[in-house]
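Listed below are the residues making up each chain.
4 protein chains.
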Amino acid sequence: MIKPIRICMIGAGRVGKNHSRAITRHIAGGRIVALVDPMAQVREETALEFGIENQFDTLEIALEKADFDAVIITTPTPTHLTLAALAAENKKHVFLEKPMALNLQECDAINKVIDENAVILQLGFMRRFDPEFVAAAQRIETGEIGQPMMIKSNTHGPGLPPPWARDLHTSNGMLAEVNSHDWDTTRWFMGSNYERVYTEVANFKGAVNNVNVPNFYDNALVNIKFESGGLGLISGVCPCGYGYDARVEIVGDKGIMQIGELQGQSVVVCTNRDQGLITPIFRTWPERFEWAYINELEHFVTCIQNETPPRVGGIEGRWAVAGVLAGTKSFLEQRPVYLKEIIGE
Amino acid sequence: MIKPIRICMIGAGRVGKNHSRAITRHIAGGRIVALVDPMAQVREETALEFGIENQFDTLEIALEKADFDAVIITTPTPTHLTLAALAAENKKHVFLEKPMALNLQECDAINKVIDENAVILQLGFMRRFDPEFVAAAQRIETGEIGQPMMIKSNTHGPGLPPPWARDLHTSNGMLAEVNSHDWDTTRWFMGSNYERVYTEVANFKGAVNNVNVPNFYDNALVNIKFESGGLGLISGVCPCGYGYDARVEIVGDKGIMQIGELQGQSVVVCTNRDQGLITPIFRTWPERFEWAYINELEHFVTCIQNETPPRVGGIEGRWAVAGVLAGTKSFLEQRPVYLKEIIGE
Amino acid sequence: MIKPIRICMIGAGRVGKNHSRAITRHIAGGRIVALVDPMAQVREETALEFGIENQFDTLEIALEKADFDAVIITTPTPTHLTLAALAAENKKHVFLEKPMALNLQECDAINKVIDENAVILQLGFMRRFDPEFVAAAQRIETGEIGQPMMIKSNTHGPGLPPPWARDLHTSNGMLAEVNSHDWDTTRWFMGSNYERVYTEVANFKGAVNNVNVPNFYDNALVNIKFESGGLGLISGVCPCGYGYDARVEIVGDKGIMQIGELQGQSVVVCTNRDQGLITPIFRTWPERFEWAYINELEHFVTCIQNETPPRVGGIEGRWAVAGVLAGTKSFLEQRPVYLKEIIGE
Amino acid sequence: MIKPIRICMIGAGRVGKNHSRAITRHIAGGRIVALVDPMAQVREETALEFGIENQFDTLEIALEKADFDAVIITTPTPTHLTLAALAAENKKHVFLEKPMALNLQECDAINKVIDENAVILQLGFMRRFDPEFVAAAQRIETGEIGQPMMIKSNTHGPGLPPPWARDLHTSNGMLAEVNSHDWDTTRWFMGSNYERVYTEVANFKGAVNNVNVPNFYDNALVNIKFESGGLGLISGVCPCGYGYDARVEIVGDKGIMQIGELQGQSVVVCTNRDQGLITPIFRTWPERFEWAYINELEHFVTCIQNETPPRVGGIEGRWAVAGVLAGTKSFLEQRPVYLKEIIGE
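Chains as they are written, first to last, in our numbering: chain A, 1 to 345; chain B, 1 to 345; chain C, 1 to 345; chain D, 1 to 345.
Quick caveat, the hints were computed from the structure, so don't treat them as lab data.
Remember, predicted model here, so these are calculated numbers, not experimental data.
Mixed in with the good hints, there may be bad ones.
Each pair may be met inside one copy or between any two copies, as identical chains are not told apart.
Said to hold, decoys possible - Derived pair list, reagent style DSS-like, types lysine-lysine, alpha-carbon separation capped at 27 Å:
1. K17 with K112
2. K17 with K91
3. K112 with K91
4. K65 with K17
5. K254 with K17
6. K17 with K3
7. K3 with K91
8. K329 with K17
9. K65 with K91
From just these sequences and the hints, can you work out the full model?
The following block contains the structure:
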C-alpha cells in the first residue's frame, strides 16, 4: 500500500473545513497531519472535527515542528504569495485556492518560486474536476457541438462575502472572489484567451447590508470578446439569497450544450396545487461541487505520488487574475478594456 | 367558406362549459346553436358566457325547436344510451363523453342505433388528440422503442367526484369515471386487448369526505395482462388534492418512452433556498389537455364535414367499459378476472 | 353573436401564413377576408390553404375592392411605415409585426398617423401574450422575486434570415429582426428603460453561408444598464441550427425566475444507454409560441370589438427600435452607447 | 486517529469490485486486507486494481491466515448462509449483499448465528443510504405528504442476469435478484408490512437471449396490498437495455413525492432539431448509487467502530425474501398470495 501524502492544511475556516472533510473521509491517499490557523477557536474546532493531531499558529512553526509533503492554502487572497513562497522554498507541494493572487506581479512571483523549487502547484479550480464539467469539456473537445461561438457562465452565491472581499482596496471584489471560476471556465471551454472585456455592475443590496465601501457591487455582467472571435458572458450575483447557482451554456457552430442546473436533489414534492412542485435547490458550493472537491484533492495527491504536473496550475490562475483586472478596470472606467492593457502585448 | 357545423350541447356543467369554450373561441368550423340542461341556473350561466342563443330543458324539445347537425353529450353516464339513441334516431351526429355507458349491453345498443342511422359517433377520449400522446403513438408505431412490453398509465384527479360517480350502484366508480382514459390509452399504445386484470383498491379519504357508500375507494392499482403477453398498470387516485396528474410510461423491447409530466408551466421560481425551486403543476384537466379538447372537437367537426369516420368511436368506448367491469369485478372478488368472463369468448 | 372582425392580411409569407392559420382555425371572432401580396404564387397557395376568397397585389387595390376593419402587416420592416399609414388613413386598425420600423423617425410617423386617425395599433410582440410570459410578469408585479436586478433574454433562431435582414443597409440586422422580442421583454420585466448598452458581435457562419455584406454578424451579446440600475443581457444567435430557443431568466433581490425551456414536448425516449435520453426541442417559433400568436390576435380582435387600446403598441415598438439602434451603434463604434444619444435627452 | 477496520472481501466480481473501489478510494476508516474468490484470474485482477495484498481461495483459508474484523459477502445468494455463518462463528462482522437468502429458513439461520455470536449484520440495501432516498424518508416521516396511500418502485436493469439468477431452481429469479431493493423500499416508505401480493410476469427476450429455463421472465409487475391498507407496485424489467432505471413515486393523503429520475448527468446537448435534446441516462447501478455505496460501507465501518447496530439488517432482509416468495408463488399459481401463507400467521 502506498504511503499516504502528508498534508498541512492552512486555514481552518469554511474552505479549510470543506477540504479537511473531503480528505479525511474520502481520500485514502492523503492525510492531514497539521492544521495552521492563528485563530485558536476555529482551529481547535476543525482539528477536533477531523481528528487532526497537530495545530500551529503559523506555517513557519508548522514547518519547524511537523513533517509533511504538501500544503493546502485556503486563507484570504492577500496572504497567498507569502504562504506559497514559504511552502515552496521548503520543498512542499502547494495546493492554492482561487483567486491565485491580487495582481499579476504576485502571480508571477508565485510561479517563479514554484519553478525554482520544482514543486507542484495546483490551483483550486475544482470545476475542472466536476464530473459534469469534465464530461462537457471532453465532448466539446471531440467536436460534438462544433467550434464554440458563445459561452455563458454564471456564479450566484447565497451569502454576503466577508468584509475584505467586498472592498476593492483589499481584494478584487466579487469578480475575483465569486466569479474566478467563471473566468477559468469560459477560457477553458472556449479554448481561447480573452481579447477584451466590458463590465456593468450594480449595487442593489449594499445599503441593506451596511456595506459602505466605495465601488461595492453585488451584481455584475461581463461581456467578453475572445481572441478566437467567440463571445463570452460572466454573470455574478452575491448575495443572491436563493441558493448556490453555477451553470454554463455553450453555443457552438453545430449545437448547444448546457451544463448544470438549479435542482440540487431529484426529490420532487407537491402538496398544494396552488403552490406547485417543489424541488431542492443547491444551497451551497460544497453541496453542488462535492465530487469536484474530492476529485481535485485526489488529483493533487496523485500528482505528488506520481510526480506529474496537475491539470490546472499557475498559468490558469494567472489568466483568471488578468481577466478580473480587466473586468474591474472596465466598469471603473466605463469602457471596454483590452487584455493587452493588463498583461502587455 | 364552409358552413359551420351546428351543434347542440347537452349538459351545461363542467365538461359542457369546457367544450363550449373550446368551440366558441377556438373552432371556427363549429357553432353551438343550442344548449340543453334541465338545471336552469347553470344552463343560463353557460349560455350567457358563450353566447349560446337557444336553451332547452331536454333534448326532445331541442330537436323540435332548433336546427342542428350534431350533439355533444356531457351528461352523467347513466343518461348516455337514451340521449345518444334519441340523437341518432333524429340523424344527429354524436360526440359522447367517456365512459361510454354503464355496461356492455348499453354500449351495444348505442353502437347499433348509430349504425342503423348512419351517423358519426365519436368518443371523448381526448388523449388520442393530445399532441404529445399523438406524437408518442406515431413513434411507437414506427417501432422506435420496439414491441411494447410494459405500459403504465395514471390518472390522479384533484377533487372528489360527484355522489353518483362514487357509488357502484349508480356508476362504475373511479375506475370508470376517472380512469376511463387509462383503459383506452393502455390498449391503444399496447396495440392489444386485455386478457385478464387484477385490481387492488383502497379507501383513505372516504370517512373524511363523508362518503359512506359501500365499496367506495379512492385509490386503485390495476394489473393487466394483455393478449400480446405485455403487462399494463392503471393507477387511479381521486381526490388526490395535489393537482391533475396524467402520465404514461412505456417500456418496449428496444427502449423506454415517457409521456407527460407533472410540471404545468415552464416558470421556475426560487426565493428561499430552504424551500427550493417552485414550478407550477397542472391544476385541472382542462389545463393539461387544452389542445387535446380543441383538437378532438375540431376532428369531430371535420369528420362530419368530410363524412369520414372519427379516429375513436364505439369500439374503443366498449373496450374501456369492458376493462372497467373486469377491474371492478376483480377487487370485489379479490381474484384476477379474465375479459372473456365479461365479454364472452 | 358578435359579428366577426374582417381582416386584410398583408404578406403571404411565413408570418402571414402563421397568422392566417391562427385566425382561420382558432379565432372565432376574426375572419380573413382579403390577402395582399405581390407574389402571385405564394399568395394563391396561402389563400387556398386558408380559404381566403379575395386576393390583391397591393393594399391600395384591396382598400378599393374589399371591405374590412383591420389589417395585419407581416411584410419586411422597410415597408411598415407606408402600409401602416395607408391603412390608418383609411380608418383601418393596424396589427404591425416587429420590428416596428427602421428608425425612430418612421416610428414617430407611424404613431402620428395612428393617433390622427384614431385607430388601434398593436405591435406583434407576441411574447406578451404567451401564457408563461404573462404569468411571469404578473408574479414579478406582485413582488414575488422582489425588485429585478438582472435579466437575461435570449432568442436563437434555427435558420439564416432573408438577405434584406442580414444587411445593415436594408435592415437593422439580427438585433432587430431576431432579437426585437428580447428588447421588449427585458424592458417589460425590468420595468425600466435602457440607459446605455454595449454590444459584442461575431460572425462565425457568414462565409459558409455566402453572406458577404459588411458588418454581418450571427452572434451578439448586448450588455444593458437600465435606468433603475438593473442589468440586462440580450443574446442572439442566428442561424443557430439546433432549434428555436427563447428563454428568460430574472434575478430579483428576493429570488430567481426562469421562463421557458429548450424542451418542446414532454415525450422522453431512450433506446441506447450510450446515447442517453432524447426529448423534442422547439423546432420553430410558431411551435414555441403557438398560444401566444392565438392570444395576441384574439386580443387584437377583442380590442377592436371593445374599442379598447391594446396591451402593446407604438410606444413599446419605438423603444425596441431605439434599443436596436443603440446596440448596433455600440458594436460599430466599440463603445457603450447611451440611449440619450439615440433618442435625445 | 482511529485504527481502520480490517475487511475481508468475499467475491471479486462486479459487486466485489464496486465495494473494493468505494472502500479503497473513499472510506478512510476501512481497509481491505484480504480478498476471497476461487476464480484466480478475476481475484488477481481485483486485488491488483485495488492494491489488496492477501488473496485466498476460500473464507476458511482466509480465516486461518489473515487477520480481519469483518467480511463483505458479495457472492451468489445460495452461498450466503454458509459464508455468513462461518464468518459470524469466527466473530467477524458481516456485511451481506441482497437478497439475504433463498428462503426464510436460511434467513432465520443467518439471524440466529449472528445473534449467538453478537456480531453485526448489515444488509446491502444501499438505497437506504442514497442521499435522495434518505431525504425522502425523512420528509415522509415528518408528514410532509401525509400518510402514504400508494407507492410505486421500479428497478429496470440494462443487462441479462447471470444464468443462476435466471432459473427458479437456483435463485428466486428477477424479483429477488433485481427487485430486492424495491421490496425493501416499498415497505420502508409505506411504514407497513405486505399483506398480500399479486404478480404478472412476461417473457419477451428469453428466446432472443437463448434462455430456455422454465418460468423465466424478464418483465414483472407486482401489485401489493399493505397491512396499512396502502397499495404498492413493484416493476421489474431486466434486461431492459436502455439504462439503469430506479425511481420511486409515493402518493400520500396530502401530496405526491417523486424520487430519482432517468437523467444521469446534467449535461444537455442539441445538435439537430429533428433529433432533439440529448441528456445522459444512468447507465449502471454503480453510477446511479455511487454515494449510496460509499455511505452504506462507511456506515458499516462506523457501526463496528462504535458497536452500534446498523440501520438495516436481518429483519429487513427477511421481509424482502418473504415478499419475493409470495410474489413468485403468485405468478406461478395465478392468484393473489397472502404473506401469512409464506411466513405463517
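Going down the list of hints, with the structure as the test:
1. K17 with K112: So K17 and K112 fail the 27 Å test inside a copy (29 Å) and across (43 Å) alike.
2. K17 with K91: within (24 Å within a copy, 37 Å between copies)
3. K112 with K91: So K112 and K91 pass the 27 Å test inside one copy only (13 Å; across, 58 Å).
4. K65 with K17: The answer is within: 22 Å in one copy meets 27 Å, while 41 Å across copies does not.
5. K254 with K17: neither (42 Å within a copy, 29 Å between copies)
6. K17 with K3: The answer is both: 23 Å in one copy and 22 Å across copies each meet 27 Å.
7. K3 with K91: Result: close within a single copy only, 18 Å intra versus 30 Å inter.
8. K329 with K17: Intra 34 Å, inter 50 Å, cutoff 27 Å: neither.
9. K65 with K91: within (15 Å within a copy, 42 Å between copies)
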